[in-house]
Amino acid sequence: MLTKRIIPCLDIKDGRTVKGVNFEQLRDAGDPLELAAFYASEGADELVFLDITATVEKRKTLTELVNKIAHKINIPFTVGGGIQSEEDVRILLQNGADKISINTAAFQNPDIINRVAKNFGSQCVVLAIDTKLEADGNWYVYLKGGREKTNTLTMDWARQAVDLGVGEILLTSMNHDGTKQGFALDITAALSSCLPVPIIASGGGGNEAHFYDVFTKGKADAALAASIFHYKEVTIPHLKKYLNEKGIAVRI
Amino acid sequence: MKTVIIKYNAGNIQSVLYALERIGVSALVTDALEEIQTADKVIFPGVGEASSAMQYLKERNLDTLIKNLKQPVLGICLGMQLMCTHSTENNTNCLGIFEEQVKHFETPDPTIKIPQIGWNTIRALKTPLFKGIAENSFTYFVHGYYAAKGQHTIATTNYIQEYSSGLQKDNFYGVQFHPEKSALVGEQIIQNFLSL
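Going down the list, the sequences are from chains A and B.
Residues 866 to 1117 in my numbering are what the first sequence lists, from first letter to last.
Residues 3 to 198 in my numbering are what the second sequence lists, from first letter to last.
Just so you know, not all the hints are guaranteed correct.
Said to hold, decoys possible - In the SDA-like style, the derived pairs of lysine to any residue whose C-alpha atoms are separated by at most 25 Å in a straight line are:
1. B:Lys-9 / A:Arg-980
2. A:Lys-983 / B:Glu-61
3. A:Lys-1082 / B:Pro-112
4. A:Lys-1111 / B:Ile-162
5. A:Lys-1082 / B:Ile-162
6. A:Lys-983 / B:Asn-11
These are calculated hints, taken from the structure and not from any lab test.
Just chain A, with the same shape it has in the complex (with noise of 0.2 Å):
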């Protein structure tokens, strides 16, 4: 049967881990390569690394990252931050990343998403939406890391993006990251339930039984947390043996 994942976001700024993070058992916390592997040791089902400098003189920094982290981790992972164009992309895969996260450059340009489908597969394609309800009721799509507000309804955008070949995505409700109160069930639930292509949930998850809903309730097929499982407020074995108990299908 296919499980649903559990995805650890890793935030990387000039090559380093940030968001301190408290792992005794690491000699270097800020150090990717060893919060990766030690992520995938304890069950993590993918990982993604978000650039957050992601200017174009670091870039390169993040490129040789990407090729280390290939090296060394024998789970799926993704990368995103900054991606701009087709030859970003490129270099990332070619470098090992398994898929890339485009957020405001296939907004601003959809054609990016087709291009980079058809030449390296949908699979690869991971489309990452910062989404807030505003008062109207409606869920909006931001860009920029939240800063810029459009007018285009979430699922409007959603829709296009898979017609587009997108072959994921990658759903953070700004509502909802960062308060650890539980992830957004109805949007989640929403997408995941019109469109053929499996949703990532992230933002809000703060305990076990908040994974549950999402993955029930919010019929996720994945589900992204960042500082939770840095601060080891939940841990990726006990959460999926938790999760197992309760009857969700898990790699453990």
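Take the given structure of chain A and dock chain B to it, following the hints.
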């Protein structure tokens, strides 16, 4: 031992190379006929679309070469599908090593995602390729097309229906999942192949 990874217009070649490196094996990535011919082990990887991959192989005479190889050959994902007779993906005639047919996943249930992406179990494991691998071990899959069950099936997986996640005939082996991305289980399967 000389291990060769067949280079063609498909993804995941680097991942396979790095996975071999992790277990201490250096491999040559090449489309040179003689290099492939003289290898002890041949890995035929692949992520992509069947008809363009077949066309690329034919243009370089790799199609004839691959099906006449006598040493152990391991097809991965699209590589395995191309070793079958026919794929409904753009109605493509493939290499014809395995008689099993490759078809698109179909289901009336709109909540089931196609392609299948993620970790699923393998079972009914046969042949030394799966030596030491427990029934229902997890491996990583990414695919919208599947090979039906047939006489060459050496592993099965369930997604919408039971299908072939492993095939074998003579010196030819194929796996639908990605051993290069399947954690320790995948590494063991690669080791097993290299020990054939």
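Going down the list of hints, with the structure as the test:
no. : hint                   : in the structure
1   : B:Lys-9 / A:Arg-980    : 22 Å, holds
2   : A:Lys-983 / B:Glu-61   : 21 Å, holds
3   : A:Lys-1082 / B:Pro-112 : 16 Å, holds
4   : A:Lys-1111 / B:Ile-162 : 23 Å, holds
5   : A:Lys-1082 / B:Ile-162 : 22 Å, holds
6   : A:Lys-983 / B:Asn-11   : 12 Å, holds
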